[in-house]
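From first to last, the protein sequence lines stand for chains F, W and H.
Each residue of the first sequence is one higher than the last, beginning at 1 in my numbering.
Each residue of the second sequence is one higher than the last, beginning at 1001 in my numbering.
Each residue of the third sequence is one higher than the last, beginning at 2001 in my numbering.
It should be emphasised that the hints constitute simulated quantities derived from the structure, not laboratory data.
Quick reminder that beta carbons are idealized off the backbone N, C-alpha and C, glycines included.
Some hints could be false.
So the derived label-pair ranges between C-beta atoms look like this [said to hold, decoys possible]:
1) H:G2178 / F:K131: 36 to 46 angstroms
2) H:D2286 / W:A1029: 27 to 37 angstroms
3) H:R2199 / F:K131: 17 to 27 angstroms
4) W:R1263 / F:P134: 24 to 34 angstroms
5) F:G133 / H:R2142: 51 to 61 angstroms
6) W:L1042 / H:G2139: 22 to 32 angstroms
7) H:G2231 / F:A120: 27 to 37 angstroms
8) F:K131 / W:A1029: 30 to 40 angstroms
9) F:R136 / H:G2129: 51 to 61 angstroms
10) W:F1222 / H:D2019: 23 to 33 angstroms
11) W:L1210 / H:G2129: 38 to 48 angstroms
12) W:Q1223 / H:E2166: 34 to 44 angstroms
13) H:D2229 / W:I1075: 24 to 34 angstroms
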Amino acid sequence: MQVNGEFQPTIVAFCCNWCSYAGADLSGTNRLQYPANVKIIRIPCSCRLNPLFILRAFQRGADGVILCGCHPGDCHYTTGNYYARRRMTLLFSMLDYLGIEKERTRVEWVSAAEGGKFAATMNDFVAAVTKLGPNRRLEDLRCSKD
Amino acid sequence: MKKLPLSKIDELFKALSAGQKLYIPADDAAGQAKFTVWQEGLALSQKLNTVRSAKDLFFPQVENLVGFKVTGKQIELIESRDPAEPFVLFGVRACDARSFDILDKVFLAEPADTYYKARRENGVVVTMACTRPAETCFCTVFGIDPTEPAGDVSCWMDGESLYWQANTEKGEKLTAGLSMLEDSGEEAVRAQQEKTREILGKLPLKDLNLKGFDGEHMMELFQSPKWASLSESCLGCGTCTFVCPTCQCYDIEEFNTGSEVKRFRCWDSCMYSDFTKMSAGQPRPTQLERFRQRFMHKLVYFPTNNDGMYGCVGCGRCLQKCPISMNIAKVIKTLGEDKK
Amino acid sequence: MQQGLKEKAIQLLKDKTVDRVVGWKAGEFFYDLTPAVFHTPEEIEKDFVFSVFSGANLSKYLIAESRKGGKVAAFLKPCDTYSFQQLLKEHRILRENVYVVGVQCDGTCDIEKIKAAGCDGVTAVREEGDGLVAETLYGEHRMSKKDALLDRCAVCKSHKLVVYDELLGEQGEEQDAGRFAEVEKLERMTPEERYSFWRGELSRCIRCNACRNVCPACSCEKCIFDNPDSGARNKAAADSFEENMFHIIRAFHVASRCTDCGECSRVCPQHIPLHLLNRKFIKDIDELYGEYQAGADMDTKPPLMDFTKGDADPSVVYERGGDKA
Chain F
1 MQVNGEFQPT IVAFCCNWCS YAGADLSGTN RLQYPANVKI IRIPCSCRLN
51 PLFILRAFQR GADGVILCGC HPGDCHYTTG NYYARRRMTL LFSMLDYLGI
101 EKERTRVEWV SAAEGGKFAA TMNDFVAAVT KLGPNRRLED LRCSKD
Chain W
1001 MKKLPLSKID ELFKALSAGQ KLYIPADDAA GQAKFTVWQE GLALSQKLNT
1051 VRSAKDLFFP QVENLVGFKV TGKQIELIES RDPAEPFVLF GVRACDARSF
1101 DILDKVFLAE PADTYYKARR ENGVVVTMAC TRPAETCFCT VFGIDPTEPA
1151 GDVSCWMDGE SLYWQANTEK GEKLTAGLSM LEDSGEEAVR AQQEKTREIL
1201 GKLPLKDLNL KGFDGEHMME LFQSPKWASL SESCLGCGTC TFVCPTCQCY
1251 DIEEFNTGSE VKRFRCWDSC MYSDFTKMSA GQPRPTQLER FRQRFMHKLV
1301 YFPTNNDGMY GCVGCGRCLQ KCPISMNIAK VIKTLGEDKK
Chain H
2001 MQQGLKEKAI QLLKDKTVDR VVGWKAGEFF YDLTPAVFHT PEEIEKDFVF
2051 SVFSGANLSK YLIAESRKGG KVAAFLKPCD TYSFQQLLKE HRILRENVYV
2101 VGVQCDGTCD IEKIKAAGCD GVTAVREEGD GLVAETLYGE HRMSKKDALL
2151 DRCAVCKSHK LVVYDELLGE QGEEQDAGRF AEVEKLERMT PEERYSFWRG
2201 ELSRCIRCNA CRNVCPACSC EKCIFDNPDS GARNKAAADS FEENMFHIIR
2251 AFHVASRCTD CGECSRVCPQ HIPLHLLNRK FIKDIDELYG EYQAGADMDT
2301 KPPLMDFTKG DADPSVVYER GGDKA
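Build out the structure end to end from the sequences listed, making use of the hints.
In structure tokens, the structure reads:
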């Protein structure tokens, strides 16, 4: 969306409840700044992320989608993020194959103690997506952007 | 009768597209013909027929109906139908031209479907006679003459010229603005028609027998044990209904854009498992009932309700495109086997 | 093409090994065979055909057929046996109710290719040595069988029959025919070129669902696209997003279960090269998680239902993607 004439991307961040959502909380309590472009959606585990959610986020106006989960090996449900890792790798490769800019999607492993990493990741991701411009290739023209 | 040397066909297309859209059959990236908006440089396809039928132009696959916006307790209706634009549809074959009569019976009966009506009123149909029918063609079985296609204007094409005959007021009006057309005799056209009729006499499906496909034999056909074997490998996909020029079923759905709810209609298929599913259940529980319904509709119910006009035009698209090669010709033959 | 199927079918019915046979039924024009269930030797004698146009994969019909009671025989070509075994693995087919006759195959043909070579009005096609002779309304045409092969048969990955109760013909081997060549070509393009390519292809989609309904891996009793509770119910593509969505999601849902039987591309009325989506997944899986062929055996887990602790990180896409091979 446009704010004061400048493009501000809409970023959807799917964060797993046990690690990355807590990490996001920690960056908040530590007063570490990250852009308000990021809309966080809490899911119980990174494994919950259905590829449809990513597509739907793009459809409904997201310019970038990021999945944050526990570090592989530390999943609260033991194995969830291992499956998510394979799933997201293949999905992102397919999106790239279809010509969707690969910088619009990312997976980052953020633990509950990594408030700093969470803020830094979001800053970096927002900057990368801002550079790309608005999502046009996976856009649904019917959906409002406000 | 008028004529035009083929070397000048682009001049004709340019004139036809002045002030309106002109659709001609053109080859797509996969080499199949499709009705495409004409632009300089677009060549007329040499294929016998398009994959998607001409009904697309009057009854598009997705059509916006209306929008709703809710603010507080107020509902605002937003007119979202496509604006009515005049257009010329060139190169329609006799089979598709007949399909318009069938669709008119459905959509223009009271209360008329205003979306379809607007498109029909705005469209001028220019048909093209066939010269090289395929083995899958059987329009003659339904009383259609592919050498004399109906339409606002009928055309014939040979190696050198395009022949042009206005049939209706709309056609005359269109012809009036085309100064590049010259007057012509009919000999060349008649000769071509004779040649084509010779080929029509050799088409393998020309003798499909429609005797017994009528209201009188409705229950007998409905209860035929042959439906089981006919329908057993049907995938229930919907390809036949979407390439068919006469299929007209649609679903009305809504899409929430976030700020508005858009109500639209889209093609539906009686082959789908949720077609006619309702809160009381699904009256056509298996593919047998759904398959039977499609062909009973085209061959029995529709003609019974429409003075003997069959719901099929013999274009042969279902013969070409069904993934498992089931089609209306096989149904007619199989059910007709008992009526000797 | 392999001989002896008709006789075998009749024998299996007569000696009561099975009470019905799934095969291909003759049509009007020799190329329009329909999958069918034959119940009597007379029906088989009259209509059973195995020819260069027996491309249809019969394995998916066995999901329903194996549950109808009694025992059913099915003729499966090598590629079909992979689909059959994959369905067994997913507990969709009741193995004990199916008698599989494995049939060796040297490739099935595409009537569209024959027509595109200039044969209008084809009324009959027969094999003559290495060639095909097409009789048409406008004269006779000859072409080599090689030029008329279905795209998937031209890059056949395996002549091995992975499951059968009886074999007609010789057992074969897996082979590398370069089936990833087209995928590699796309991978070498820039993202813009790829986007343009896929928009050109997918914009022709009419959502007929032939690909989904013929696919042995798409055997869900309630597809998400038909389920109002899924949030993805969708009957027609209203715009380019929905055109993409159906194919991305369908390819993903069959990823690591797709046996690459090629039926999806064969049945598409708009000639969209859908196999290029599925083969991309297969190639990625082979490269990232070890070579895997769905349906090749009963024990290995499909890669998307498995993991190792040392799997590649999703960021590997940044290095592999873009316009690198």
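Status of the hints after comparison with the structure:
| no. | hint | result |
| --- | --- | --- |
| 1 | H:G2178 / F:K131: 36 to 46 angstroms | holds (38 angstroms) |
| 2 | H:D2286 / W:A1029: 27 to 37 angstroms | holds (29 angstroms) |
| 3 | H:R2199 / F:K131: 17 to 27 angstroms | holds (23 angstroms) |
| 4 | W:R1263 / F:P134: 24 to 34 angstroms | holds (27 angstroms) |
| 5 | F:G133 / H:R2142: 51 to 61 angstroms | holds (55 angstroms) |
| 6 | W:L1042 / H:G2139: 22 to 32 angstroms | holds (31 angstroms) |
| 7 | H:G2231 / F:A120: 27 to 37 angstroms | holds (33 angstroms) |
| 8 | F:K131 / W:A1029: 30 to 40 angstroms | holds (32 angstroms) |
| 9 | F:R136 / H:G2129: 51 to 61 angstroms | holds (54 angstroms) |
| 10 | W:F1222 / H:D2019: 23 to 33 angstroms | holds (28 angstroms) |
| 11 | W:L1210 / H:G2129: 38 to 48 angstroms | holds (42 angstroms) |
| 12 | W:Q1223 / H:E2166: 34 to 44 angstroms | holds (39 angstroms) |
| 13 | H:D2229 / W:I1075: 24 to 34 angstroms | holds (26 angstroms) |
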